[in-house]
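S.K.: Chains as they are written, first to last, in my numbering: chain V, 6 to 171; chain C, 4 to 425.
No lab work stands behind these hints: they were computed from the structure. Do not rely on the hints blindly, as some may be mistaken.
What the hints assert, rightly or not - Covered by chain C, according to a simulated footprint, are these stretches of chain V (three or more residues, beta-carbon under 8 Å): (1) 53-64; (2) 84-95.
Said to hold, decoys possible - Here are the simulated DSS-like cross-link-like pairs (lysine-lysine), alpha carbons at most 30 Å apart as the crow flies: (3) V:K169 x C:K29; (4) C:K9 x V:K169; (5) C:K13 x V:K158; (6) V:K91 x C:K49; (7) V:K168 x C:K49; (8) C:K244 x V:K169; (9) C:K163 x C:K9; (10) V:K158 x C:K49; (11) C:K29 x C:K244; (12) V:K168 x C:K13; (13) C:K29 x V:K170; (14) C:K13 x C:K244; (15) V:K170 x C:K81.
Every residue, glycine too, gets a C-beta built ideally from N, C-alpha and C.
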Amino acid sequence: MMKFKGKIWKFGDNIDTDAIIPARYLITSDPAFLAAHCMEDVDPEFLKKICPGDIIVAGENFGCGSSREHAPIAIKAAGISCVIAKSFARIFYRNSFNMGLAIFESRELWNIVSDGKEIEVDGEEGSISITDSDFVRFLRIHPIPSFMEELIKDGGLMRHLSKKKE
Amino acid sequence: MTITEKILCKHTDLEEVHPGMLINAKVDIALGNDITAPIAINEFRKAGGTRVFDRDKVVLVPDHFTPNKDIDSAQQCKVVREFAQEQGLTHYYEVGEAGIEHALLPEQGIVLPGDLVIGADSHTCTYGALGAFATGVGSTDLAAAMLTGEVWFRVPETIKIVLYGRMQKWVSGKDIILYIIGRIGVDGALYKAMEFIGEAVGHLGMADRLTIANMVIEAGAKNGIFIPDAITEAYVRERAKRSYTNFTSDSDALYADMIDIDVSTIEPQVAFPHIPSNVRGISQAGNVKIDQVLIGSCTNGRIEDLRVAAGILRGRKVAPYVRLIIMPATQEIYKMALREGLMEIFIDARGVISPPSCGACLGGHMGVLADGERAVSTTNRNFVGRMGHPGSEVYLASPAVAAASAVLGRVAGPGELPGIGG
Ligand code: SF4
Chain V
6 MMKFKGKIWK
16 FGDNIDTDAI
26 IPARYLITSD
36 PAFLAAHCME
46 DVDPEFLKKI
56 CPGDIIVAGE
66 NFGCGSSREH
76 APIAIKAAGI
86 SCVIAKSFAR
96 IFYRNSFNMG
106 LAIFESRELW
116 NIVSDGKEIE
126 VDGEEGSISI
136 TDSDFVRFLR
146 IHPIPSFMEE
156 LIKDGGLMRH
166 LSKKKE
Chain C
4 MTITEKILCK
14 HTDLEEVHPG
24 MLINAKVDIA
34 LGNDITAPIA
44 INEFRKAGGT
54 RVFDRDKVVL
64 VPDHFTPNKD
74 IDSAQQCKVV
84 REFAQEQGLT
94 HYYEVGEAGI
104 EHALLPEQGI
114 VLPGDLVIGA
124 DSHTCTYGAL
134 GAFATGVGST
144 DLAAAMLTGE
154 VWFRVPETIK
164 IVLYGRMQKW
174 VSGKDIILYI
184 IGRIGVDGAL
194 YKAMEFIGEA
204 VGHLGMADRL
214 TIANMVIEAG
224 AKNGIFIPDA
234 ITEAYVRERA
244 KRSYTNFTSD
254 SDALYADMID
264 IDVSTIEPQV
274 AFPHIPSNVR
284 GISQAGNVKI
294 DQVLIGSCTN
304 GRIEDLRVAA
314 GILRGRKVAP
324 YVRLIIMPAT
334 QEIYKMALRE
344 GLMEIFIDAR
354 GVISPPSCGA
364 CLGGHMGVLA
374 DGERAVSTTN
384 RNFVGRMGHP
394 GSEVYLASPA
404 VAAASAVLGR
414 VAGPGELPGI
424 GG
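So here's chain C without its partners, still in its complex pose (with noise of 0.2 Å):
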């Protein structure tokens, strides 16, 4: 079996599991946000449900409006922080504690390897980073289990994605997923497991395995998974507060289809408007005039991101009438940055810091785009309208060709900035 299937196994009565099986799992963690967990706790409260399954593995954290945006936002936070009181929710996060709730799980050892993880968030599969089984789900889905801890699937089949080669310069984590969605396409990967191998992966840092499983979603995937190694250990280590299991793919696996990708030729990566899917390397860009960077989010905020950005940017500044908006993604994330003195080279380079917060991501507040006016973005979607107006256009990128394009003005890449090199 693979790993995606070792996981799902374990997780219920049955000795073997085959991809195609509809199956009956049982959660270690459920996830909800303050949008997607009204609805779920609306259903719960229909279904006659009166606690939650089990209080230290229903996880809820109001990311996406927070500091509330506005009155409906507020009413929102407000129904899920009251169940999390009534309930007495072991993780509950209130602003001030919390994050992006994709950065905050794994950061604070809540998700483990071997866990099988829901959310009623698609890019809950970020948590395949840590060797663990992680999926979104809808609202009713999250309702159910809280209400028995327990959900159901059908067992997806594997594409194994062997990376080996050595990176160039410049190029991250963000460009090695980017480069792959711009190659199967926005639905390459329908239903499936994406399991990532090969030497290249042992190159790859907690942070970029964390980005590229975020975004598996965005080539149609169920699920993104790394096979747990000495890096995926020294992470997890220090943060868990309970025992967990590595799983691994047995070497007679079955897969549905295997893809070999060198790395050592890939640049770094920009998704053109509208589609992620639609991937050019940084020296294909041409001359895109830009109005507003975003360095953050679930896929890109974290410390090791806003080391490489704050080290193209010190000692530069944002370019006349752009603006730069650095998002850590959670508390931990913005302390040590303050620590570090990342804080002062964003303020120095003319940015402006968010607090951890979904906001600008999904257009929802501190950094909407008008009609018309582009940005670049360290986020995962650039679909119409995401991150503001629907005549607006979202450029993804990696935090280095983020924080180069603020510095000129338009989509560029750090080689292109004097004083630093390819």
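Just chain V, with the same shape it has in the complex (with noise of 0.2 Å):
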């Protein structure tokens, strides 16, 4: 269930959250018009790139800046699987999982993949696999907490909590 396979898109280090959403659009908290803006200040052709499931790589401190719950909403609406960051800010991680997008910290998977590439990442087990013409490279990662992927499967933590009360 926690397995997402789609091409990569490549970010820098710092990806701020008025870059992954900016700031002249949160008149609205609606998924859709705010997916249909996702990274448009930093790869204005990210959308039309982009297929459903597809994932997110960048480099240090991704989701830096306010604290706007908008950011995991407009990545996930636009069709993002995951996103795996060399490391996250703080307030964007726990957004993100209670939001419902999954993100994954991995060291090396930047440095070894490019634009395009396809890759496949296994939540439960814990790992990233590449598959090049002849062989398949295996990236360690940590896995998601069984807690942490019920809020995912769900949709946020939000839905999660109401659909255990009932």
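Need the complex rebuilt from these two chains, each delivered in its own frame; the hints are there to steer you.
M.R.: Structure (structure tokens):
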């Protein structure tokens, strides 16, 4: 269930919440509207390039800046299945799980893949596999603990809690 | 394990926790204010919430735009007040009995050593001074905690900060934390816990420790923490209305990093605009003319801070065309200052006294800056526009530096005042 497969799109260090979703679009928290402007100021072609399930791979301190919960909402609604960065800003990290967006830390991945490369992530096992013409390369990542996994499956913290209550 | 790891562990069913682990932990206190609680209350209801998990553990303090600044803020406060009433919350504090949340909770014994505290406000980290684990979260986290009493965490690594040496005259907790932020930067402790230990901690009273823990977020930290000692015990004993646990770090605990600081080498510090890490010693401040001085906030609005400021302002006057605003952090502090005659000193010096509120600290109301104006402030953030117009500037400093600056009309230390001496 916690498996993600898609092409990767690379970004650098310190991608802030304004880059993910510019403040001028914060007039609403409608996911479809936010998704339509995801990453717009960093890469205007981003939405045209990606397919549902694709993966963002970034450098250090992804999601720094404001504590807006709109940032993970925009990424998720754009169809991105997960984000793998060298490190995440603290509140973005929290907000992602709370909004139901899977994120993983890997220090190596960024250095060995390039745009458009297809990878497979297994969040339960804690592995990333990269297939080259003749061999498969595995990278280890921290697996997602089961309660966080439920959180993502249910589509975020509050939906998870209301489901649990039923 | 470190003290941070032990407190987190104690609030789970686990035997041990390690940095990097994701855990679900029980909270002792979940805090919200007039800005963040309305969103959380809405989420709580949307998730089908009817009763909070424990009416003694959800704390709501309207303090940011109180006394109600305008119609919008009045509406926000109303949402919070009605929710508190409906839920029968033990800890709801109306204007008149309250003050700034982070000064109020320790003072009233609501937060105690060993507690796990979350607050939908970034300066929730203040309570680490008591030997509690306390951290700021988003409104959704607060909603979830109100519903279930639990919140998830990634166990942080800890940076050990060893303070040693004797502090010079006029140097306070504020100068120590500004110096540290200047040294490690605004992301120097990202995700991490900052644990303050060393012989110099024994010379820091609770007020100084609260100021230091308050600003760890300005270095990106998840929490700051002091190991409870005799000073903590003396502060907590008379306030606690329930039992509490003092934790300590094991001698073989693992740290991500260690920073040694000889506090005797630190002079009073000032953070220049527009980032808290842009720190200089007061001797390097140059001639910066100012328009306003703010003494107060959750960082430095305690009685000890007001005493220091009054000591400098006694018998002196604020410089012409400079405004001095005194903002006691709670009603209790206000009363003590009145009894001790401090308020009279401030008024005689031509200062104005604000009710306990966040008010001017976040450019909310009661002391907003105009374009091009400069303020020396004992608060914790000096980002662009933090206290008003985007063209205004904020210089962060201790109450002693702020008071001296008010008298001299420029950024200056008390050592420059005739009759005081360094
Ligand atoms: S006094 Fe300032 S920093 Fe403290 S809680 Fe209020 S607004 Fe935040």
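S.K.: Taking the hints in turn, state whether each one holds.
M.R.: Right, here's what the structure says about each hint:
Look at the segment 53-64 of chain V against chain C: 0 of its residues bring a Cβ nearer than 8 Å to a Cβ of that chain, fewer than three, so the hint is violated. Using a Cβ-Cβ cut-off of 8 Å, 3 residues of the segment 84-95 of chain V lie near chain C, which meets the minimum of three, so the contact claim holds. Note on V:K169 and C:K29: the hinted pairing holds, with a Cα-Cα distance of about 17 Å set against a maximum of 30 Å. The hinted pair formed by C:K9 and V:K169 meets the criterion: a straight-line CA distance of about 29 Å does not exceed 30 Å.
Using a Cα cut-off of 30 Å, the hinted pair C:K13 and V:K158 holds, with the two alpha carbons roughly 28 Å apart. Of the supplied pair hints, the one linking V:K91 and C:K49 is violated, its CA atoms being roughly 35 Å apart against a limit of 30 Å. Note on V:K168 and C:K49: the hinted pairing holds, with a Cα-Cα distance of about 12 Å set against a maximum of 30 Å. Among the hinted pairs, C:K244 with V:K169 is inconsistent with the structure: their alpha-carbon atoms are about 34 Å apart, more than 30 Å.
Distance check on the hinted pair: C:K163 and C:K9 sit about 15 Å apart at the alpha-carbon level, within 30 Å; holds. A C-alpha spacing of about 19 Å is found between V:K158 and C:K49, which places the hinted pair at or below 30 Å, so the restraint holds. A hinted pair counts as satisfied when its Cα atoms are at most 30 Å apart, and C:K29 with C:K244 qualifies at roughly 20 Å. Distance restraint check for V:K168 and C:K13: the Cα-Cα separation of roughly 28 Å lies within the 30 Å cut-off, and the hinted pair is therefore satisfied.
In summary, the hint linking C:K29 to V:K170 is supported, as the alpha carbons are separated by about 18 Å, within the 30 Å threshold. Of the pairs offered as hints, the one joining C:K13 and C:K244 holds, with about 21 Å between alpha carbons and a cut-off of 30 Å not exceeded. A distance of roughly 28 Å separates the Cα atoms of V:K170 and C:K81; the hinted pair therefore holds under the 30 Å criterion.
Hints 1, 6, 8 from the earlier list are contradicted by this structure; the remaining hints agree with it.
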